[in-house]
Every structure is written in structure tokens, then in C-alpha cells.
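Chain order of the listed sequences is A and B. First residue of the first sequence? That's 1 in full-length UniProt numbering, and the numbers climb one at a time after it. First residue of the second sequence? That's 1 in full-length UniProt numbering, and the numbers climb one at a time after it.
Worth flagging that the hints you see were computed from the coordinates, not collected in a lab. Mixed in with the good hints there might be a few duds.
Pairs involving identical chains hold if they fit within one copy or between any two copies, as the list cannot separate such chains.
To be verified - Cross-link-like lysine-lysine pairs, in silico, DSS-like; alpha carbons within 25 Å at most: (1) 384 / 370; (2) 127 / 356; (3) 45 / 356.
Protein chains: 2
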Amino acid sequence: MLAEETTLVEQTMEAIRQRIAGRTLAPGSRLPSIRRFAEDMQVSKSTVVEAYDRLSAEGTIISRPGSGFYVAGQLAPLSLAEIGPKLDREVDPLWVSRQSLEAGGDFLKPGCGWMPPSWMPEVAIRKALRSLSRANDAILTEYGSPLGLSELRHFLARRAGGYGIDASPDQIILTGSGTQAIDQLCRFLLEPGHCVIVDDPCYFNFHALLRAHRVNVISVPFTPNGPDVAAFEQALIAHKPKLYITNSGLHNPTGATLSPVVAHRVLKLAEQHNLTIIEDDIFADLEHEHAPRYAAFDGLERVVHIGSFSKTLSASVRCGYIIARPDWIDGLVDLRIATSFGAGHFSAELVLSVLKDGSYRKHLDALKTKLADTMGTTAARLTKLGIKPWIEPRGGMFLWCELPKGVNAADLAQRALARDIILAPGSVFSITQSADNYVRFNAAQSQNPKIFEVLEDLLG
Amino acid sequence: MLAEETTLVEQTMEAIRQRIAGRTLAPGSRLPSIRRFAEDMQVSKSTVVEAYDRLSAEGTIISRPGSGFYVAGQLAPLSLAEIGPKLDREVDPLWVSRQSLEAGGDFLKPGCGWMPPSWMPEVAIRKALRSLSRANDAILTEYGSPLGLSELRHFLARRAGGYGIDASPDQIILTGSGTQAIDQLCRFLLEPGHCVIVDDPCYFNFHALLRAHRVNVISVPFTPNGPDVAAFEQALIAHKPKLYITNSGLHNPTGATLSPVVAHRVLKLAEQHNLTIIEDDIFADLEHEHAPRYAAFDGLERVVHIGSFSKTLSASVRCGYIIARPDWIDGLVDLRIATSFGAGHFSAELVLSVLKDGSYRKHLDALKTKLADTMGTTAARLTKLGIKPWIEPRGGMFLWCELPKGVNAADLAQRALARDIILAPGSVFSITQSADNYVRFNAAQSQNPKIFEVLEDLLG
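Next up, chain A with everything else stripped away, as it sits in the complex:
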């Protein structure tokens, strides 16, 4: 159909919708015949046929074969407003997620955990979509295999090999997201009332996720080289936790990287105390050099490795993965089928297509250079305001910063939100409330000078 005809169809649909909204056509009443309406609207009969078909498809009107088209019985009540950021909501672990996900385009989001769209590999994604539109009909319409697309799992096994993680593709399960991967593992490994260790500070959504599992959460101070090993050992003795959830590669929110000696000591303690470790490696592609991975040292005995593509490829394609010991795979697949049934082909095919595209590696190289620059600029701008980066991260997008003395981060975040700026206050990253005067900045989302003007104003 030509573009011009499409417009006519849409105009005709809109005319009918308006008559229905204004009750010129009441619910249940018969629509004019196609011939009469075509004359009425001065359009062709085929335009009216198409408009009636599409309005039937969306449920606005109903087709009764042999009798004609009727206005649908009940109109859905109109939504008064889309849900927007709530200024009065308590600053809890879900606060930053909801603000960031719900905010409209007017908001600046130095507190959010992902890149702006213009930093993502959109050309490769468009190419992948066009190529997917030519895939065979099984890929377009059927469930995927329980583990997920084989070729992508082979790719991920090779990539894991690059980090020293020795895994067969059959040890990899694709999931709906990185978060969902952790969620499935928690269901697989935990019972309500169990104890879980996280870092202090850690990614705030770990707190929200673990709350949904009704487990007890304790935290261990995080140093620039990994968790504080002495405190970690004390926690193991005192609380007998089943699980430790952390980031490998680049730590969220601190941007810190694990040192080999800390990795080795934590693993020794894990073995002594029968602790399982989930390492969430979603920032892997933003590293300049590979930091140690627990899974590489441990050989996937008691470490489960998870990842996703939301940070460097697309958050619109939901796809994550689990790399685990072979004897856990069957149980994890059963759980996955029980709770979300089959995997889809689309996300996995799309991710694979972009990863395989030669341009993706170049995109990452350019991205890392750009990020490093922006990290430098952002750190300098913050330091000028008396906001001090805790460390100089070796990669990634996060700067974990201490506010000037006496400034409460949650309070600052509430006041910034009223000025259309979303911050990530330290309190949401720490269950011990030890980070109340810290803020996490995302350098990639901190390019607009207005952010620093407002901060200066609010701190002044």
C-alpha cells in the first residue's frame, strides 16, 4: 500500500473514532455501509475496507459476517495520565529504578544505570532486524529450545573462554535478562529464611530482588580490590550464608575491580563455608583490561557466572544468560519452563547478529574511549563542587562519589528530582545506611552542564 493511501486509511479510522467518542456512533450501533461511508468521506471503498478491518483488529468495532460492522459494546475508560515519576515516593531500593524507567525526555538522568541511546550500536541493530525479517518461519513463530539459541551459547562459551572461564555451550542457559538470571538462580538455590551476603555498597536492585525471595541479607564492606576479606570471614562464621551475590569485572556502584589475591581468598573461604557465589558480569564489555573473575579461578564449581547485553548492545532486546556447573543445568531449565515457559528466538537471534557483526567490536572500542574521556571530565566537574570520587575506576561508566560533609544524599536526590534531575543516592546501595553521603554518577549521562549548575545551586 502506498504511503498516501495509508494516510487516508488512518484519517478514515480517526474520523470513525471521533464519531464513536462523541457518541454520534453509540456503542452497539451499526456503522454505515462501506459504499455509503466511502462516498461520505470522499475516499475509495478499499480505503474504508482497510479502515474497518484495522478498527476491528484493535477491537474498536466488531465485524458480524453477513450483517456489517458494529461499534464495540463498551469503550475502555481512557487513561487519565501515564504514570510519571512520583516526587513523594520514599527513597528505597526501587526508587532509582522507577525514577529512571518512568522519567520522560525532560529529565536528566546522571543516576541511571545505562547509556544514552546515541551511545549504542543502533546501525548494527537495524541491520540485524532487517536480516531477521528474512529468517525462516520457525525462527519467526516458534518457541526456542529450552537452553536457548545454540549458536549464541557457543559464542558465549568462546567469549567466556577469553576471561579464562572454561565452559561448554551446554552449561549456558539464555534468560530474559541479567536480573532474571539472578532471580532464577535464587529460586534454584535459596529457601525463605536463608541468609545471603551482598557488598556494601552494592547494586540497589539486589536488595529489591532478595526481598522478593524473603531471605535475610547481610553486607560486607567493599574495598577498591573487592570485599573486605576479614569482614567476609566473620560474616560467614556469624551468619552461615548460602550465597554471595556480587559484580565481577566492574563493580556497581563503585567501579572497583577485584584483585587476584582477594578473589583467591574469598574463594577459599567460600569452599570452607560451603558458600555459592553469583558473579554478575554485565559490564564486561566496558573493561579496558580483564579483571579476575571468580568463575575463572573456581572452574564453575561453586561460582555461577551471569551476564546480559543491556549495557552495551541494547536494553530493548531482553536477553541474559547463566553459566553454571553441568549438573545444575537440568534443574534450572525445568524451573525456567515452569515459570516462563520457552525462550524466544527473536532476542537471541538479534543479540547474536549484532555480536557477530564486525562493527560491534569497533563500536565498543570507540565507546570505551568516549567513556574514559567523559569519566575524566565528569570527575573534574564534580571535584570542583566538592564532590569527591572514591576511586578512579579502570573502566565502565560509574563514579562513586562522596558529597561535601553534612549533605544527605537521599535529601539531595529528592530536591534534584524536583528540578528534573534523577540522582542515585548512596542510601539505596547500602543496607547498613553507611553510604548516606555518597552518590553514584553515570558519566555517560552526565554531559549536560545543567546537572552541575543545579548541583552547585542545591549544595550552595
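For this one, chain A is given, so just place chain B on it according to the hints.
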């Protein structure tokens, strides 16, 4: 890049992979320079550059700027075999799912719960993918809003209106699948140890799902008009269940439809006993005429309505939805963020695009006619073998059939699997084991005469 060049790049990549596999290029060793390798392979330097880039992207080789390309440190172990259907696995609620999802193309699948690819609207899907490849970069790369694509929720609200369900778009949450919708609701509504009612027989995956929630499951006999109301009341009195999970529209596995009087009585009982009802309406688009919906009678007070697009649009696009009372939405969104973070744009945009396409309604009309024909043929073929349909369903794809006396369905299913045919034995649909001589047939997957030949042979 021209197709011919692409082939050369792939050939070059394959040549390098073979040298690595054969250890001509050992892990850690430096690859030949681009110039030398281009001469070696008789290809252009740009072909080698592209091949090296793509091999870097997949992690087979590593680029060290200023130094060259190196074979990645460790090769991932090769998978010995993809997981195939396991003949010896116990026939439990996950048995049919796994057999159906894992089976290769050689298997006939009258036991599976979805349509063959050729019955799905692939033209509209291809068109939607092409159109998505031209979407703006936020759609291509960013998280969606917490509730999911607004326009799709408006569409679904109008569609629900067509079933008499009066819901605002803000009462609708998009999920990763229909199963995931039920899973989220179970997490929202249930505690371990609670009691849940299902139909006897019911969709087998409800059993698997509820097992993951550690609840007690009881079942009530299902009649051709809905649950047996007297038994339902007794179960409410005896077990004080919190939740009843059932199908509306078309029942799985029986193909039965709810009558208005049963719907009304069940709702009255639900109110008296403070019971919540989840109605899973994933077969809605296969009805010839709309059966009653609990949510329409109840006004979404104590009924939650869920659906997906896997059965009539595509199972490759993972997208489901929840329609619930307004005061539950915030809690459900929080749970969704905690356990799977943001929604993606892709699936929702794709589904919306197909639903809006005028061709989709026509596709459904043709599909329903074809299904009705096939149902007739299949029922006749089964009856000839002494396999008797329980009822003549008013729509959908399922025929719930009684086997000849003395034939055990699970045993028959095991023997059929050895002949490359996947059946859905009654035992997996019933926790009381009252359906051991029933089998569910999917008419859309029962067109191959071999199925009936093998059945005749196995029953003979």
C-alpha cells in the same frame, strides 16, 4: 558489503578457525600479519581485516593494538551433542513441555500446545520487523516503561472491552510471557504453604509452576461448562485456598467453555470465601464466539486476567500481560523490576505492529476455519481407532480424548516417543491421576497420517 565478499570473509574466518582447531595456530600465538595472510589466502587485505575483526568479536582471537592479533588463550570445550528428548525421563508435569521444546524436526508433535509455523502470520511479522528496523534509537536501545508500551496497553484495554472486561490501560502490565504473568501474580499473592485450586484436568504447566511456589495444590473436577460447582464449594470449605487458576475462553486441555451460570456461581463462592481467581485467556483469538470471562462478570475485583500472543501471533516474540485491579499495579510493577528489571520495547512493538495490521484479523478468520476443519478430520480419525473425544469443542486446537479401555496414557506416550511421536498423556494434566486413560491431541499438529498409523499399531 557484497554477498561475494561476505562469502570470502567467511571462508577466511573458517580457514583460521580450522588452523586453531588443528593447533597449527596454538592458543596465545600471534596470527600472520594482514598483508601476509591476504597473500596466503589469495584474498584482499580488506577481507582479512574484516575476518580478523569478526573473529575478535566472537572471542576466537584477541586484538592487541600496536602488536597484532593473537589466538585467544583458551578454547571453549566443544559441546558433544545438543540436548535431545530423553526417552527415559519420568512422565511428570514437565515431560510434555521438555519433549515438545527439545524435539528436532523429525518428530511429530500431536501432544504439543502450539501451532505449526506455517499456520502463523509470518508475513505480518516480517513486515513488523522491517518497520522496527526504522524505529527511533530509543526504541532500539532503551528499556521500556515499567508498565510496558503504552499504545499496546491501550490496544489491549480496547480488546478486553470486547470481552466485556472494563479496564483502563493503566491496569495492564506487559510481561515476558503468559506463564511469567501467572508466575508474577503467584509471587504477589501467595506464601509458601498456601493452598491453590486448579481444574482436574488442567494445563500441566500450572502444576510445575505451583510446585516452584511451594504451595499445596488441590483440584476440582472440570465439566464441559466449567468446574463442578458443588465440588468447588466443598474444596473452599475444606482447604481455604487463596487462589484458583484456570483458563477462560477455551479450556486447556479439554477445549470446554465456561457457562454463564457456572461463572456466576463460582464468583459468588469466591466472594464468600475470599478467593482470588487468575483466568488465563491465551486462546482467546481462537474462539468463534466469546464465552463468558470471570473478569467481565466480576469487574476485576477478585479476578485477574492474563494473556499472551504465543498461540496465534508468535511464540518467538515473548510477550504476555496482566489485567488487574488498580491498587495492585504498583506492587506488581515493583516485583517485576526487582525480578526482571525493565520491559523491552522490541517484543511489545512487534506484537502491536502485527495486531494493528489489517491482515491479522483476516489471518485469524482463515486460521479458525482451517482449525475447525482439522478438528473434524482429527476427531474422525481418532474415533476410528477407538479414541473418543470427551466433547466437541467450540473452538481452539485441543481434543481431549479417552483411550480404549485398559490403555495407560503415560505408557502409550513413552512408546510413541520411541517412534518419534510426542503425545500429551492425561496423567500430566491431573494431580489426582484421574486422567490416566486420556490423551490431549492438538488438531493443528495432527495432520500427518503417520500419527494414526503408529497409534493403530501401538493400540493393536
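Tested hints:
Taking the shortest alpha-carbon separations for residue 384 and residue 370, only the intra-copy value of 21 Å comes in at or below 25 Å, while the best inter-copy value is 71 Å. Taking the shortest Cα distances, residue 127 and residue 356 sit within 25 Å of each other both inside one copy (12 Å) and across copies (24 Å). When the C-alpha separation of residue 45 and residue 356 is checked against a cutoff of 25 Å, the pair qualifies only between copies, where the shortest distance is 20 Å, while the shortest distance within a copy is 48 Å.
Comparing the model with each numbered hint stated earlier shows that all of them hold.
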